[in-house]
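Visitor: Here's the letter readout for the chains.
Number of protein chains: 2
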Amino acid sequence: MVNVHEKQFLLDCGEGTQIALRHGKIRMMRIDHIAISHLHGDHYLGLFGLLSTFSLLGRTRALNLYGPPELEGLILSHEKVGESVRGYPLHFKATQTESAEILFEDGSVSLESFPVRHRIPTTGFLLREKPRELGVKRDWIARLELTLTEILSLKRGEDVQRPDGTVVLCDQACHVPPPPRSYAFAADTRYWEKVAEWVQGVNLLYHEATFDAAMKDRATKTFHSTATQAARIAAKAEVGQLVIGHVSARYENADALLEEAQLVFPNTVAASDGLILEVSR
Amino acid sequence: MVNVHEKQFLLDCGEGTQIALRHGKIRMMRIDHIAISHLHGDHYLGLFGLLSTFSLLGRTRALNLYGPPELEGLILSHEKVGESVRGYPLHFKATQTESAEILFEDGSVSLESFPVRHRIPTTGFLLREKPRELGVKRDWIARLELTLTEILSLKRGEDVQRPDGTVVLCDQACHVPPPPRSYAFAADTRYWEKVAEWVQGVNLLYHEATFDAAMKDRATKTFHSTATQAARIAAKAEVGQLVIGHVSARYENADALLEEAQLVFPNTVAASDGLILEVSR
Numbered sequence: 001m002v003n004v005h006e007k008q009f010l011l012d013c014g015e016g017t018q019i020a021l022r023h024g025k026i027r028m029m030r031i032d033h034i035a036i037s038h039l040h041g042d043h044y045l046g047l048f049g050l051l052s053t054f055s056l057l058g059r060t061r062a063l064n065l066y067g068p069p070e071l072e073g074l075i076l077s078h079e080k081v082g083e084s085v086r087g088y089p090l091h092f093k094a095t096q097t098e099s100a101e102i103l104f105e106d107g108s109v110s111l112e113s114f115p116v117r118h119r120i121p122t123t124g125f126l127l128r129e130k131p132r133e134l135g136v137k138r139d140w141i142a143r144l145e146l147t148l149t150e151i152l153s154l155k156r157g158e159d160v161q162r163p164d165g166t167v168v169l170c171d172q173a174c175h176v177p178p179p180p181r182s183y184a185f186a187a188d189t190r191y192w193e194k195v196a197e198w199v200q201g202v203n204l205l206y207h208e209a210t211f212d213a214a215m216k217d218r219a220t221k222t223f224h225s226t227a228t229q230a231a232r233i234a235a236k237a238e239v240g241q242l243v244i245g246h247v248s249a250r251y252e253n254a255d256a257l258l259e260e261a262q263l264v265f266p267n268t269v270a271a272s273d274g275l276i277l278e279v280s281r
Numbered sequence: 001m002v003n004v005h006e007k008q009f010l011l012d013c014g015e016g017t018q019i020a021l022r023h024g025k026i027r028m029m030r031i032d033h034i035a036i037s038h039l040h041g042d043h044y045l046g047l048f049g050l051l052s053t054f055s056l057l058g059r060t061r062a063l064n065l066y067g068p069p070e071l072e073g074l075i076l077s078h079e080k081v082g083e084s085v086r087g088y089p090l091h092f093k094a095t096q097t098e099s100a101e102i103l104f105e106d107g108s109v110s111l112e113s114f115p116v117r118h119r120i121p122t123t124g125f126l127l128r129e130k131p132r133e134l135g136v137k138r139d140w141i142a143r144l145e146l147t148l149t150e151i152l153s154l155k156r157g158e159d160v161q162r163p164d165g166t167v168v169l170c171d172q173a174c175h176v177p178p179p180p181r182s183y184a185f186a187a188d189t190r191y192w193e194k195v196a197e198w199v200q201g202v203n204l205l206y207h208e209a210t211f212d213a214a215m216k217d218r219a220t221k222t223f224h225s226t227a228t229q230a231a232r233i234a235a236k237a238e239v240g241q242l243v244i245g246h247v248s249a250r251y252e253n254a255d256a257l258l259e260e261a262q263l264v265f266p267n268t269v270a271a272s273d274g275l276i277l278e279v280s281r
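Protein chains in written order, with this note's numbering: chain A, 1 to 281; chain Y, 1 to 281.
None of these hints come from the bench; they were simulated from the model.
One or more hints might be untrue.
A pair holds if it fits inside one copy or across any two, identical chains being indistinguishable in the list.
Calculated pairs, SDA-like style, for lysine to any residue (alpha carbon to alpha carbon, straight line, at most 25 Å) [to be verified]: (1) Lys93 / Lys221; (2) Lys236 / Glu278; (3) Lys93 / Leu76; (4) Lys93 / Ile75; (5) Lys155 / Leu74; (6) Lys7 / Gly87; (7) Lys216 / Ala271; (8) Lys93 / Gly58; (9) Lys216 / Pro180; (10) Lys80 / Thr166; (11) Lys7 / Phe92; (12) Lys130 / Ile120; (13) Lys25 / Asp42; (14) Lys155 / Met1.
Whole structure, please, built from the sequences with the hints as guidance.
Guide: If you want it as structure tokens, here you go:
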């Protein structure tokens, strides 16, 4: 679940997601966007129950759903056999794995998909804050009696020449807004250097790390990554922080994988149930 | 989950069933029969993940699945989109809602379905132990030097006339085996007296009790039952014990519904997560 200024994006929805959302005290009805990376059960089987819960809770607001083309038919099949009536519109947009693509954007955030390499067609997702407008300092507005036109020019980053010939420098008259932040979710994927291009420079990268380095061959064969490989992508992409997850059940915990990743990319943490990360600039 | 002499029957499989099975320390791979009452999400959405887990755990033994005809297509759809290969045969038998029917039987147990009345086609399920053979007392075999033919006759419940003219009475020579037990799961259903006929005399009856008596109209409209109605079916069917469940989330707990049912049918308990009931004779 990614919260961007109280807009909530759910990325993947495995079985039991509703329970996790309740544990996390997430306001389910505030979820307006769900993006599904691929159609393996652990990534989408919780979706049908969640969509049905939305109806039970009386949702009428439209829901935006992004995922592989076959997902829409599956939803319709489940609704058909249950003879259930959805109480809200579902806007489905099929993802593709040819190229990166903007799935949604508004004034403050954009959601992109990008291809990864898994056994079946799979995409990662990338959420970016939009750059915020410059804010003109209040005392400058008052002191110089700036006109609306002058203020709007400054907000666009332009310096302003006044009727009396003086110049108001944008750099001086404006607050610098905090740089926009970004989060990438690289889903299930084998090591693929192209992923580092798609997620270049994000503040926080989730990359799966199913296996340890000794199991590299098995990772490649099953289209998964090792902790070292995840860290290598993070390093190549020069991300701010890496969070690894999707750890194989063969490991009692993520400790060894975390150590392995940190050798290559020190600012790495391991995902765990209920973990909350603040995306820092 | 019904355990009949270590044969395990899973009746319905809502989302999160795998977690419940793990909490209950149930040996998942020992489940050879799964029966789905109807295709509302809370009764079947955990099935796809469970079937896939069986493959991950290396299952090769066949699984018997019973449920509405559309269920098989849904399973195939999910397997297709995930390009997943099942490691074991799945024997699917479609249920129907015209009449009661034996879905499976072997030497020790039978599984029947019976129609109930819900918003969509739905069946309940009934598990019956087979009557056990009579056991001829060991000391009688030794003392009278009974022949194999004589023993088999006694086991069939017949008295035996011996070559010397004496008669060995079955009642005296045999242990009386315990009477077979039975459990009925009436799934989701509105009050329907026919259900009492299908489950007549079972030792333990599960009957849903979604609402309290004051909400009878809503129960009828939504094809659910009140606690009083569940208890009335139990009384009519002269069952040994009643367990009520599927309590609406509007109630904080099942206490009031339990009291209500007990007024009509005193030997009632309320289902709860992890509850284990021994079916008594």
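Visitor: Could you run down the list of hints and mark each one as holding or not?
Guide: Checked hints:
no.: 1; hint: Lys93 / Lys221; verdict: neither (30 Å within a copy, 36 Å between copies)
no.: 2; hint: Lys236 / Glu278; verdict: within (22 Å within a copy, 60 Å between copies)
no.: 3; hint: Lys93 / Leu76; verdict: both (14 Å within a copy, 24 Å between copies)
no.: 4; hint: Lys93 / Ile75; verdict: both (13 Å within a copy, 24 Å between copies)
no.: 5; hint: Lys155 / Leu74; verdict: neither (47 Å within a copy, 55 Å between copies)
no.: 6; hint: Lys7 / Gly87; verdict: within (21 Å within a copy, 42 Å between copies)
no.: 7; hint: Lys216 / Ala271; verdict: within (21 Å within a copy, 47 Å between copies)
no.: 8; hint: Lys93 / Gly58; verdict: within (23 Å within a copy, 36 Å between copies)
no.: 9; hint: Lys216 / Pro180; verdict: neither (36 Å within a copy, 56 Å between copies)
no.: 10; hint: Lys80 / Thr166; verdict: neither (70 Å within a copy, 70 Å between copies)
no.: 11; hint: Lys7 / Phe92; verdict: within (18 Å within a copy, 44 Å between copies)
no.: 12; hint: Lys130 / Ile120; verdict: neither (32 Å within a copy, 47 Å between copies)
no.: 13; hint: Lys25 / Asp42; verdict: both (22 Å within a copy, 22 Å between copies)
no.: 14; hint: Lys155 / Met1; verdict: neither (32 Å within a copy, 65 Å between copies)
Checked against the numbered hints above, the structure violates hints 1, 5, 9, 10, 12, 14; every other hint is satisfied.
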